[in-house]
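J.: Here are the chains, one letter per residue:
There are 2 protein chains.
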Amino acid sequence: MAARVTIASGATWQEVAADRQKYRDATLAAIEPSIPDIPSPSLNTISIAKDILTTEEIKITESKVEVLVPQLAKGDLSSVTVVKAFLRRAALAQKLTNCITELLPSRALERAKYLDDYLDTNGKPVGPLHGIPISVKEHIGMKDLDNNAGFIGWVGNTAPQDCHILQILWNAGAVFHARTTQPQTLMHLETSSNLYGVTTNPYNTTLTSGGSSGGEGALVGFKGSCLGVGTDIGGSIRSPAANCGVYGMKPTALRLPVLGWLGPAGGQEQVVPTIGPLSTSLEGCKLFIKTLLDSKPWLKEPTLMPFPWKQEDFFKGKKLKVGVLWDDEVVKPHPPVTRALKQMVDKLKSTGNVEVVEWKPYKHDLAWEIIANLYFCDGGKEESDLIDASGEPWRPLSEYILKNPHVETHTIPSMYKATMKRDAYRVAYAEHWNSTATSTGPNGELEGAVDVILCPAGPGVAPKIDTAKWWGYLSQWNLLNYPGLVFPVDKVDVVKDGGKESHSPRNENDKENWELWQKYGAEGYKDAPISLQLVGRGFEDEKVIQAFEIIQKETGVPFI
Amino acid sequence: MAARVTIASGATWQEVAADRQKYRDATLAAIEPSIPDIPSPSLNTISIAKDILTTEEIKITESKVEVLVPQLAKGDLSSVTVVKAFLRRAALAQKLTNCITELLPSRALERAKYLDDYLDTNGKPVGPLHGIPISVKEHIGMKDLDNNAGFIGWVGNTAPQDCHILQILWNAGAVFHARTTQPQTLMHLETSSNLYGVTTNPYNTTLTSGGSSGGEGALVGFKGSCLGVGTDIGGSIRSPAANCGVYGMKPTALRLPVLGWLGPAGGQEQVVPTIGPLSTSLEGCKLFIKTLLDSKPWLKEPTLMPFPWKQEDFFKGKKLKVGVLWDDEVVKPHPPVTRALKQMVDKLKSTGNVEVVEWKPYKHDLAWEIIANLYFCDGGKEESDLIDASGEPWRPLSEYILKNPHVETHTIPSMYKATMKRDAYRVAYAEHWNSTATSTGPNGELEGAVDVILCPAGPGVAPKIDTAKWWGYLSQWNLLNYPGLVFPVDKVDVVKDGGKESHSPRNENDKENWELWQKYGAEGYKDAPISLQLVGRGFEDEKVIQAFEIIQKETGVPFI
Chain P
1 MAARVTIASG
11 ATWQEVAADR
21 QKYRDATLAA
31 IEPSIPDIPS
41 PSLNTISIAK
51 DILTTEEIKI
61 TESKVEVLVP
71 QLAKGDLSSV
81 TVVKAFLRRA
91 ALAQKLTNCI
101 TELLPSRALE
111 RAKYLDDYLD
121 TNGKPVGPLH
131 GIPISVKEHI
141 GMKDLDNNAG
151 FIGWVGNTAP
161 QDCHILQILW
171 NAGAVFHART
181 TQPQTLMHLE
191 TSSNLYGVTT
201 NPYNTTLTSG
211 GSSGGEGALV
221 GFKGSCLGVG
231 TDIGGSIRSP
241 AANCGVYGMK
251 PTALRLPVLG
261 WLGPAGGQEQ
271 VVPTIGPLST
281 SLEGCKLFIK
291 TLLDSKPWLK
301 EPTLMPFPWK
311 QEDFFKGKKL
321 KVGVLWDDEV
331 VKPHPPVTRA
341 LKQMVDKLKS
351 TGNVEVVEWK
361 PYKHDLAWEI
371 IANLYFCDGG
381 KEESDLIDAS
391 GEPWRPLSEY
401 ILKNPHVETH
411 TIPSMYKATM
421 KRDAYRVAYA
431 EHWNSTATST
441 GPNGELEGAV
451 DVILCPAGPG
461 VAPKIDTAKW
471 WGYLSQWNLL
481 NYPGLVFPVD
491 KVDVVKDGGK
501 ESHSPRNEND
511 KENWELWQKY
521 GAEGYKDAPI
531 SLQLVGRGFE
541 DEKVIQAFEI
551 IQKETGVPFI
Chain G
1 MAARVTIASG
11 ATWQEVAADR
21 QKYRDATLAA
31 IEPSIPDIPS
41 PSLNTISIAK
51 DILTTEEIKI
61 TESKVEVLVP
71 QLAKGDLSSV
81 TVVKAFLRRA
91 ALAQKLTNCI
101 TELLPSRALE
111 RAKYLDDYLD
121 TNGKPVGPLH
131 GIPISVKEHI
141 GMKDLDNNAG
151 FIGWVGNTAP
161 QDCHILQILW
171 NAGAVFHART
181 TQPQTLMHLE
191 TSSNLYGVTT
201 NPYNTTLTSG
211 GSSGGEGALV
221 GFKGSCLGVG
231 TDIGGSIRSP
241 AANCGVYGMK
251 PTALRLPVLG
261 WLGPAGGQEQ
271 VVPTIGPLST
281 SLEGCKLFIK
291 TLLDSKPWLK
301 EPTLMPFPWK
311 QEDFFKGKKL
321 KVGVLWDDEV
331 VKPHPPVTRA
341 LKQMVDKLKS
351 TGNVEVVEWK
361 PYKHDLAWEI
371 IANLYFCDGG
381 KEESDLIDAS
391 GEPWRPLSEY
401 ILKNPHVETH
411 TIPSMYKATM
421 KRDAYRVAYA
431 EHWNSTATST
441 GPNGELEGAV
451 DVILCPAGPG
461 VAPKIDTAKW
471 WGYLSQWNLL
481 NYPGLVFPVD
491 KVDVVKDGGK
501 ESHSPRNEND
511 KENWELWQKY
521 GAEGYKDAPI
531 SLQLVGRGFE
541 DEKVIQAFEI
551 IQKETGVPFI
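Keeping their order, the protein sequence lines are chains P and G.
Following the UniProt record's numbering, the numbering of the first sequence begins with 1 at its first residue and continues without gaps.
Following the UniProt record's numbering, the numbering of the second sequence begins with 1 at its first residue and continues without gaps.
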């Protein structure tokens, strides 16, 4: 391999980017049989897969994790076959949505061969993920591969070893087949960088795939991966999952291993980021989390809280109580989101098996002020310096978030004060939640309280490029460190969503968001997946998943 | 009550202190029958109780929590009788060791009466702590009472309500009978302030009771309380417990409620402090922790990790494996500590029921550098300003810790770096612990690893006043956020500990510590309790307690 072109070696940022793209393209070119260029693809790219891939490849890549696992474990499907199919579909996803930083054909096929041989020899799989191809957001580093977190200035840095989480997935039998794009700074709800340009939405390429795990969103949305690894500090797993119509979970932070990942603001503890899954199925997300927790990652990474995967049935002899948050009272969601929420609520109410109540938001505007301030306690200096080090231009959404009006350059005392403000908000929100209880048990436990909050995953469906600005529906739960599960419900329909609705804007963010809908309408967001979010209290990840399983059974969601 | 004398009202610091002492003395004077002054007490004050209190009062106050609880619950003892006895013994403790900021006779007796009436009327106790008197370190505020955390400048501040933890204990049936002293800044391993002067050790009043929960240490050591509430960020529960020969536990931080306490550096997250119990029995500590966790405090205080009290038997079908840390290789412990440790190890080895191995310290000097730096990220400005605001003099140990050579005035980026250094150390220590495993289980779990570390609780027994300088044996486990349980083993004996031992000092701290032993010898520390510490991995509090129960059964500790 030729020496890497880097800023340190004297190259311009453009040369560094060109070299990275050339390198990526070479990894695509190694895919066999090769994937052709697609000259004038339709805006909705999903059906193109059927024109390019074999029937077997379509079948494999459209299988969910829970279908592939037993087939691979029994040897009904070889890992090599599965990995080849996903490699080809991932290469096609790259050509259509620009979601890949590199494919890993030689590593992946060598690993797949090893797994097939292991199964042959031992008659049993390596672990619960035997043969499952997994895609990984780039800043979760892999041994000896470039690790730049979206900054031109960091190109040339390589990970000394696979990140802790990848070691565990590897030991469980996973195959890493693709690395995916992320935005400059990792702090957009879109995926746009000077290294690779813009990642688009496979359902409508005029829209963003979301971000910052937007490479994962587009790739899993296109089914070039059935399980991907993303990261989330303000919506970065849930935005791409929601935008691309897949399942995505931001677990409570401090549960899943993050040791070894690369990003700015290391040592920052005010808002703790987390890793989590994106998958074509809920079972994929569940298996991912359970596999990681079963390995007791806290023994190697003592920052993690030693909560094992909770097996208990949270709703045994108890009716699920769902609080519905229609609108955070800061930015009103676009009509398709409200329609999807209404569909869910109507179905839940019709069976009577689930109790549905209204969830009143508690100062979500204040929550945004607090978190937008705490993201960059150094005033954003580290990120700014990293951008400026290479002379690369600022992407519009880097400008938007790093220079948001709530950012300040903290001293230690002012940061302590801001942290206390966060804690006071968390206490107030806990009280708000506790106030939904209908009685108090013998040990002071709250009975009859809301179990989970059903809410939007954003103020609209996948936004037009560079318009994803209101983080509140996602970052709200990062500030509180509540787990959030995103799931597909429906898609934008020109007829159903074509009506006119008027709304008097409450503030600048609300105005800007509503004007987008007025400008583009249902036609502009055609075919975009509509997703919603289910949120639980801190460390109640398993309860959120169980609640969703009940909701899925009751409603039959998704409706497409 | 007269208006409080405060700095804000124009008083000098001396006038403020004099007023607080006058107020305290008035609360003592309200105790009936009154406690006389003791003109020339012996250095070891313990036996004086028998001269002053009635036989019944001696019997009650020398009963452990687990003995009192069922008697109170059944009505065999009235709460009023119990509270009166402890109030009188606490008043005597004040006269002998200067450990009280105020007694609470009217509140406590009113509460006791309520509890007795409740039991009469309902035929059942209010909760698991029905009628148990509990003493509380002053900075854990009580409604409408002064709340100053040891700073003259904060006198006049009152708590708007009882702290969260006190609310829970109250609901469980507790009676608060005494508030106890703490040092200026809360950051000494002794208890010396300009408000109340020096708190001394009931076993030898030339020695410190330890700190910063030194009022609790002296009071519980003198049996003026069977259960007290302390706080610990570097040894502040364990130092006084160890010095005064009682049980004390620093639970893993983020388990027990702290909401509402007062102290400097609020919002600091680099080294998380915790609340915990001091008690005349292990059962007292256990009941305290279990009662708090059973109330699910995380629902009101979302910073806490929702770990319920773990009921599982950690050593079912498994031999306890103890790692013995003789010496942290920074400051060598005085001979009595090593003798006590040797007694324990000999007994453990003799039965063969417990596996005993050596625990090699991993860079405990580095651990001290990291934590001593992280305590005061603002360079100690907040504490310094608080002292200087009233013109009160700096106590020697405030000077020692706030101006220690590792303190720096951090910027946000330098604090992030220091935090990452902490995390790297934690990972390295976890690896060090993992390396004691003898095999790896099917899910990667470590088998045969050390379960708990048995180690000193300090570099000697209770130090002479103003000489408690080496925090390493305690702060080590705060940096790692490991739980630590301190328990009494023996006492300094002029004959057994009278031998001469030479030691070549490794560094200044070691030199200073060893010279103290050379200067004072066993005679100087006569009758001082010798205590040891049992430490577990993060959040393994219940495992540490179970391990201690096994060790206690095997060795019969304490040996006095």
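A couple of the hints might just be wrong.
For chains that are exact copies, the list does not tell them apart, and a pair is met inside one copy or across any two.
As the list claims (entries may be wrong) - The list that follows gives simulated cross-link-like pairs (lysine to any residue, SDA-like), each with its CA atoms no further than 25 Å apart: (1) 553 to 19; (2) 496 to 66; (3) 74 to 281; (4) 300 to 520; (5) 50 to 117; (6) 124 to 300; (7) 143 to 121; (8) 421 to 299; (9) 360 to 7; (10) 59 to 496; (11) 59 to 76; (12) 318 to 41; (13) 300 to 464; (14) 124 to 439; (15) 496 to 81; (16) 363 to 267; (17) 74 to 306; (18) 124 to 521; (19) 290 to 510; (20) 511 to 441; (21) 363 to 303; (22) 300 to 507.
Source of the hints: derived by calculation from the structure; they are not laboratory data.
J.: Each hint: holds or not?
T.: Here is how each hint holds up against the structure:
{"no.": "1", "hint": "553 to 19", "result": "neither (49 Å within a copy, 68 Å between copies)"}
{"no.": "2", "hint": "496 to 66", "result": "neither (33 Å within a copy, 68 Å between copies)"}
{"no.": "3", "hint": "74 to 281", "result": "within (21 Å within a copy, 57 Å between copies)"}
{"no.": "4", "hint": "300 to 520", "result": "neither (50 Å within a copy, 44 Å between copies)"}
{"no.": "5", "hint": "50 to 117", "result": "neither (31 Å within a copy, 80 Å between copies)"}
{"no.": "6", "hint": "124 to 300", "result": "neither (27 Å within a copy, 47 Å between copies)"}
{"no.": "7", "hint": "143 to 121", "result": "neither (28 Å within a copy, 71 Å between copies)"}
{"no.": "8", "hint": "421 to 299", "result": "between (32 Å within a copy, 18 Å between copies)"}
{"no.": "9", "hint": "360 to 7", "result": "neither (51 Å within a copy, 45 Å between copies)"}
{"no.": "10", "hint": "59 to 496", "result": "neither (31 Å within a copy, 80 Å between copies)"}
{"no.": "11", "hint": "59 to 76", "result": "within (14 Å within a copy, 76 Å between copies)"}
{"no.": "12", "hint": "318 to 41", "result": "neither (50 Å within a copy, 64 Å between copies)"}
{"no.": "13", "hint": "300 to 464", "result": "neither (42 Å within a copy, 41 Å between copies)"}
{"no.": "14", "hint": "124 to 439", "result": "between (51 Å within a copy, 22 Å between copies)"}
{"no.": "15", "hint": "496 to 81", "result": "neither (41 Å within a copy, 75 Å between copies)"}
{"no.": "16", "hint": "363 to 267", "result": "between (28 Å within a copy, 21 Å between copies)"}
{"no.": "17", "hint": "74 to 306", "result": "neither (32 Å within a copy, 39 Å between copies)"}
{"no.": "18", "hint": "124 to 521", "result": "neither (53 Å within a copy, 67 Å between copies)"}
{"no.": "19", "hint": "290 to 510", "result": "neither (39 Å within a copy, 48 Å between copies)"}
{"no.": "20", "hint": "511 to 441", "result": "neither (45 Å within a copy, 57 Å between copies)"}
{"no.": "21", "hint": "363 to 303", "result": "between (30 Å within a copy, 19 Å between copies)"}
{"no.": "22", "hint": "300 to 507", "result": "neither (47 Å within a copy, 32 Å between copies)"}
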